Amino acid sequence: MSDVALMTGLPEIARVRAASMTPMEASDVVLKLGGATVLDGVTFRLRPGGCTVIMGPNGAGKSLLLKLLHGLIRPTSGRVEWNGKPATEVTSRQSLVFQKPVLLRRSVMANLDFVLRARGADRSRREELLAHVGLEHKAEQPARLLSGGEAQRLAMARALATEPDVLLLDEPTASLDPASVLAIEKIMADARDRGVRTILVTHDPGQARRMADEVIFLHGGQVAEHAAASDFFSGPQCQVALDFMNGRIVV
Amino acid sequence: MALAVQLMLSGDGDLGEIVALSLRVSLTATALACLVGLPIGAVVAISRFRGRGAVLILMNALMGLPPVVVGLLVYLHLSRSGPLGFLGLLYTPTAMIIAQTILITPIIAALSRQVLEDLHAEYSEQFRSFCLTRRQTVSALLWDGRYSLLTVGLAGFGRAVAEVGAVIIVGGNIDHLTRVMTTAIALETSKGDLALALALGIVLLVIALGINAAVQGIRMTAVQQAHV
Amino acid sequence: MIGNSIGVMALTIAMTVSAAAQDKSIIVQSTTSTANSGLYDHLLPIFQDATGIQVNVVAVGTGQAIKNAENCDGDVLLVHAKPSEEQFVSEGFGSKRTDLMYNDFVVVGPESDPAGVGGMSDAQAALKQIAEQGALFASRGDDSGTHKKEISLWNAAGVDPSAASGDWYRETGSGMGATLNAGIGMGAYVMTDRATWISFENKQDYTIQVEGDEDLFNQYGVIPVSGDKCPSVNVEAAEAFADWLISGEGQDTIAAYKVSDQQLFFPNAPVN
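Chains as they are written, first to last, in my numbering: chain A, 1 to 251; chain B, 1 to 228; chain C, 1 to 272.
Read the hints as simulated data drawn from the structure, not as lab findings.
Take these hints with a grain of salt, some might be off.
[Claimed, not checked] In silico DMTMM-like pairs for lysine to aspartate or glutamate, Cα to Cα no more than 20 Å straight-line:
| # | chain 1 | residue 1 | chain 2 | residue 2 |
| --- | --- | --- | --- | --- |
| 1 | C | K203 | B | E122 |
| 2 | A | K100 | B | E122 |
| 3 | C | K203 | C | D113 |
| 4 | C | K258 | B | E122 |
| 5 | A | K32 | B | E125 |
Since the structure is predicted, the reported quantities are computational estimates derived from the model, not experimental observations.
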């Protein structure tokens with residue numbers, strides 16, 4: 001699978017936008033936390049456009065890898081660079097959606113306003129963003145009283161409010177009901193189709209199939225497999241990925 | 001007890017004046033202490049620097065500042081023979097406000113530091129993802145912690161309205177000018193009128209209860225909105 | 001902290017509209033007995049009606065009152081420790097000292113009278129007896145006028161009570177009222193001025209045990225604070241107040257003040 005193949009089907013403008021941040025390169029990334037080696041020589045390259053799904057068993061270091069890509073933490077050694085710039089310098093051009101959304105103790109609307117104002121964005125986009133995630137009728141409600149699915153939709157709207165070039169998602173639909181999963185996936189797919197480079201950590205093989213253009217499978221702190229979605233799902237090359245996809249317990 | 005009820009019901013002008021001055025002095029001191037103490041608490045809460053541990057110890061220790069010592073320090077500054085004597089502030093409500101502000105600012109700072117540090121632990125990763133400036137982080141924490149900080153303010157107010165050591169030195173317990181609840185209680189005690197002193201104490205307690213109930217009411221509303 | 005406090009002061013100064021800064025008000029640094037006995041509540045309204053001068057009373061022990069006045073934190077000094085007052089004047093802090101009024105000290109004690117001093121009129125002998133019996137005695141211990149007087153009586157009696165401090169001699173380090181409360185609480189003898197005692201409301205089973213000795217004479221004096229030493233002093237109003245107190249009208253007003261039908265203070269200003 002070539003770069004070109006992955007890029008087809010995207011509007012021209014989207015390709016330009018994504019291209020400004022990509023390619024992304026992780027070279028021999030090692031991350032040690034409290035004596036334990038969580039990531040142990042992770043190397044991969046992300047091309048512009050599309051959705052990369054990161055999979056792997058619990059403790060494989062998926063969430064930490066996402067934070068490294070976002071520039072929230074620094075690797076113990078190795079480099080993470082977006083189009084030649086260290087990840088820590090481009091945090092503001094990305095948005096990260098956490099598994100459990102951290103919502104401010106304010107109304108739904110005020111949560112969006114906060115980000116728009118903090119980043120000097122156009123506040124009039126609030127209504128459009130709320131409508132996009134289907135929360136316009138909840139605008140005045142305290143954000144902390146939203147259901148799990150609604151809260152994650154608000155987190156998605158908030159993440160998109162800054163018009164990021166890259167959208168990082170850390171198991172955004174874990175423990176949500178099917179309808180909410182569907183809603184979140186639609187928002188993710190919309191963003192991806194508009195050219196936002198999307199990187200999704202998920203545990204759910206079904207979601208991976210629906211969303212992925214390519215898959216990175218992490219195991220034991222290393223990249224066990226990095227393949228185009230069609231290749232990966234038709235039959236992973238490495239045994240752990242195969243076991244994982246077949247529902248066997250992988251540790 | 002009966003005397004306390006009688007005191008309150010009689011609408012005694014002197015009592016009203018004393019209560020009003022107590023509230024004015026202590027509420028103003030609390031507001032000023034919050035103005036200074038909350039930003040300090042917030043900045044320390046989100047900052048990591050060398051010697052932070054020592055700063056925390058100092059902040060916590062200053063919570064135990066004896067009112068008399070504060071009163072004495074303020075007296076020495078405001079006395080006509082002191083560096084700020086030319087202002088003519090000694091034996092005025094302003095002097096009492098200054099003393100109480102100094103007394104409770106460390107309380108506000110230290111307690112708000114604790115509250116905001118907990119809140120920051122929850123928000124910090126998300127805030128770093130948003131690439132917020134320190135100023136934005138501080139103001140967001142102060143706003144989102146507002147209902148918890150009400151309790152902090154209450155702790156400061158409670159300390160201020162209940163202390164006698166500082167206000168009696170810098171206020172002088174002057175009738176109709178600087179006499180507040182606590183200095184009036186001290187005066188009645190020294191006159192041996194223990195019943196009246198106790199009645200005044202009960203009045204003070206009732207006022208404190210009222211203010212606490214009001215704040216609790218506000219907090220309850222906030223809890224319903226999951227804002228605490 | 002210091003920077004903090006200065007900031008706060010700057011803030012509050014902006015809001016200051018202080019009553020004490022008004023032209024027609026003075027601060028009297030006073031001993032507690034005159035204030036606690038209610039004398040000022042009786043005197044001041046009459047003086048204020050006559051002159052329009054607002055008198056603010058800070059009631060502390062004589063020692064502290066003198067210290068405060070030396071810091072220029074008062075316009076008039078009204079205390080009862082003649083030697084200290086004369087020193088205050090000779091050091092230039094006060095313009096002139098005038099005898100104002102007197103009453104007397106008494107020694108109060110519990111009904112049981114453990115030292116058996118009840119009815120004695122020789123103060124020195126009574127104190128000596130208290131010391132010999134080791135009966136509890138509560139002292140002000142605060143450098144006040146009453147405390148100074150008490151020390152001079154012990155000296156005259158040839159007893160050094162400080163040796164028994166913490167034993168039978170209990171120094172409270174507090175005002176007259178607080179010392180009475182403490183003394184009554186522990187069953188100790190207490191020396192107090194008569195005015196405070198008469199108006200004191202927590203007497204319980206305490207009565208006057210020793211009184212009537214010339215040595216127990218308690219002279220009050222009034223001193224306007226010197227404008228030369230303390231430019232902030234409102235000299236005109238301070239002198240107006242002192243002059244009024246020693247005038248015929250002021251003296252009559254002092255004499256007219258009674259609690260429980262007993263006169264508390266006896267005016268004795270020299271007649272001009």
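Here's how the hints hold up against the structure:
1. K203/C <-> E122/B: Violated - the C-alpha atoms of E122/B and K203/C are around 61 Å apart, more than 20 Å.
2. K100/A <-> E122/B: The hint holds at about 11 Å.
3. K203/C <-> D113/C: Given pair K203/C, D113/C holds - Cα atoms ~15 Å apart, limit 20 Å.
4. K258/C <-> E122/B: Violated, because 69 Å separates the two Cα atoms, which is more than 20 Å.
5. K32/A <-> E125/B: Roughly 19 Å separates the two Cα atoms, so the pair holds.
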